[in-house]
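Asks: Could you put together the complete structure from these sequences and hints?
If you want the building blocks of each chain, they are given just below.
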Amino acid sequence: MIRVPPLTRHLATFFLSALAVVWMVPVAMMLAVAFTPPEKRVTGFGGLLIDEVSLRNFGIVFKDAPILLHLFNSLVITLVSVGLVVMLGAMAAYAFARMRIRGKNILFFLLITTLMLPVPTLIVPLFQINKSLGLLDSYFGLILPYTALGLPFAIIILRGFFEALPVELEEAARLDGVTQARIFWFIALPLSWPALTVVVIFQFMTSFNEFVLALVTMDNNALKPLSLVPLIYSGQFFTQPGAMFATLTLITVPVVVVYFAMQRFMIGGLTTGAVKG
Amino acid sequence: MRFAAASRTQGWLFLFPAVALFAVFVLYPAFYIFYAGLFEWDGINQGVFVGPANFWRIFTDDGPFWIAMRNALYWAPLTIIPQMLLGFLIAFLLEIRSRLVPVFRALFYLPAIVSPVVIGIVWQRIYNPFGGLLSDIGMATGLRFLNFPFLADTQTAIFAVIVVNVWQWMGFSMLMYIAGMKGVSREILEAARLDGISTRQTAVHVVWPMLKHVHLTLILLGVIGTLQTFPLIYIMTKGGPNHATEMLPNYIFQQGFILQNMGYASALSVVLLVLSLGLSIFQVGVVGARFSFGGRA
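As given, the protein sequences belong to chains E and S, one line each in that order.
For the first sequence, our numbering assigns the number 1 to the initial residue and increments by one for each residue that follows.
For the second sequence, our numbering assigns the number 1 to the initial residue and increments by one for each residue that follows.
Be aware that one or more of the hints could be misleading.
Partial pick of chain E residues on the chain S-facing surface, computed with a CB cut under 7 Å [said to hold, decoys possible]: (1) A18; (2) V21; (3) N209; (4) T252.
Label pairs and their in silico Cβ distance ranges [claimed, not checked]: (5) E:A18 <-> S:I81: 20 to 28 Å; (6) S:R193 <-> E:P166: 34 to 42 Å; (7) E:V21 <-> S:Y35: 34 to 42 Å; (8) E:P194 <-> S:F31: 30 to 38 Å; (9) E:L175 <-> S:I81: 50 to 58 Å; (10) E:E52 <-> S:L100: 14 to 22 Å; (11) E:F140 <-> S:N45: 21 to 29 Å; (12) S:L100 <-> E:P194: 22 to 30 Å; (13) S:Y35 <-> E:L11: 53 to 61 Å; (14) S:F282 <-> E:V256: 32 to 40 Å; (15) S:F159 <-> E:P194: 21 to 29 Å; (16) E:V253 <-> S:P129: 48 to 56 Å.
The set of hints was computed from the structure by calculation and includes no laboratory data.
Keep in mind it's a predicted model, so treat the numbers as computed, not measured.
Even for Gly, the Cβ is constructed at its ideal location relative to N, Cα and C.
Replies: Following this line, the structure appears as structure tokens:
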């Protein structure tokens, strides 16, 4: 907190509020168009100004597009990859932090390097790999790459956290004859929940919104995740902006809910789990 | 000694699943493009070995590639700098009005969690010269220049998309600065106040220099983000009009999956990979940037 004269305080509040209003205009417009009655032509500031609110666009979407099926696809792909990243990432991070392994510094360097790797460089080979493994048009064609691409970030965050845990706790357990695997599972893992939540949120957001890999991997409409839905129905809803924007709203709801439910943990985790690169 | 040996095998058991997945889906693909880039190949039939011909063509005879390079040079500074300045300003003002932090943090960060596909379609409507938000504002206020097909004009299209990117990601910079400012010591701020230094000077001469590690992280992530840019371009312009908004990821997709030139797309991927690793390693090694999230470097 910074203490300032009252006038500065009011100016700060005013500026923040004005900017926030401007920043929310596109969001407000999306909602306004989505809630405009379908038979009305959308007019007035791109549809921002509405005089009547209706839920019927959402009715059209649910009738004409299997949106819940796409939500199910997204959730399966996202949740399985989150689970795998947390589990495999935590195990690997614990090994990096606490175990003696030949060549682990080189491995760790490789992991950091891939944080800088743009996903689009890998779409050609990942498509070919999925093709030869028979994973095109399958959940695992996305789950496995998402997991592999999410692991470096997870391992780096979690390793930093495991290293900061007091070693005495684990030493005491080891002297009592507890195995390393059980120490990991019953001591280190439960203690690391702030870092785990950061990993969960990050992996959830990136997998849920991922676009380019999904675009080249999923050809069968019935298997496509939510991020591809606007493309599937852009033709069908071309003359129905209300239905289109209702679809966009529905796609956005899950991430917003998850983010707001978990953001308190996110901020805490971000400030406690500084990463040493 | 026996304990160490046991721990070593167990260590590998802990590492193995992650390393295996990583090797198959990240490491192998990264090497694969170097090999596939040497072929003329449609992705289905046997490729024809052409040596470095693809790379030669990229650098000497590929207009869209160079447009993509030029656009990356626009994109990086024009997204990173505004996002940093605005993000810093908001984070600093939130230090003054700290009770408002939760509300404003949520509002400004909201666009960053929304799918770029959704954002692209919404902004297409904002830019639409026929009944879009900007053109309607232009009509109502007499600012006629707002009634312009920003996305369809080769001169303006890339900047129109850059604006959208700034809108989407500014909140992330703000979040990083909010976290960074938690690490600025209260004593220093109090001392500055007692010395009678103005609020503006505190921001510019005290707080800003103390957040150097955040600036460097944001520049590093911003450069990587520039080289990752795909969905916004794909949804809003498909790289058009006439390649004016081409970015490398989009061009790779075009070559590989629309024109079926998988070999050429691999060669382009190699260029993108070398470029991003080179720039990142330069920033980490020479400039001292870190992937730090939060207060400490």
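Asks: All hints, please: hold or fail.
Replies: Outcome of the hint check:
no.: 1; hint: A18; result: 11 Å, violated
no.: 2; hint: V21; result: 9 Å, violated
no.: 3; hint: N209; result: 4 Å, holds
no.: 4; hint: T252; result: 5 Å, holds
no.: 5; hint: E:A18 <-> S:I81: 20 to 28 Å; result: 21 Å, holds
no.: 6; hint: S:R193 <-> E:P166: 34 to 42 Å; result: 38 Å, holds
no.: 7; hint: E:V21 <-> S:Y35: 34 to 42 Å; result: 53 Å, violated
no.: 8; hint: E:P194 <-> S:F31: 30 to 38 Å; result: 36 Å, holds
no.: 9; hint: E:L175 <-> S:I81: 50 to 58 Å; result: 55 Å, holds
no.: 10; hint: E:E52 <-> S:L100: 14 to 22 Å; result: 33 Å, violated
no.: 11; hint: E:F140 <-> S:N45: 21 to 29 Å; result: 27 Å, holds
no.: 12; hint: S:L100 <-> E:P194: 22 to 30 Å; result: 25 Å, holds
no.: 13; hint: S:Y35 <-> E:L11: 53 to 61 Å; result: 60 Å, holds
no.: 14; hint: S:F282 <-> E:V256: 32 to 40 Å; result: 37 Å, holds
no.: 15; hint: S:F159 <-> E:P194: 21 to 29 Å; result: 41 Å, violated
no.: 16; hint: E:V253 <-> S:P129: 48 to 56 Å; result: 30 Å, violated
The earlier numbered hints that this structure contradicts are 1, 2, 7, 10, 15 and 16.
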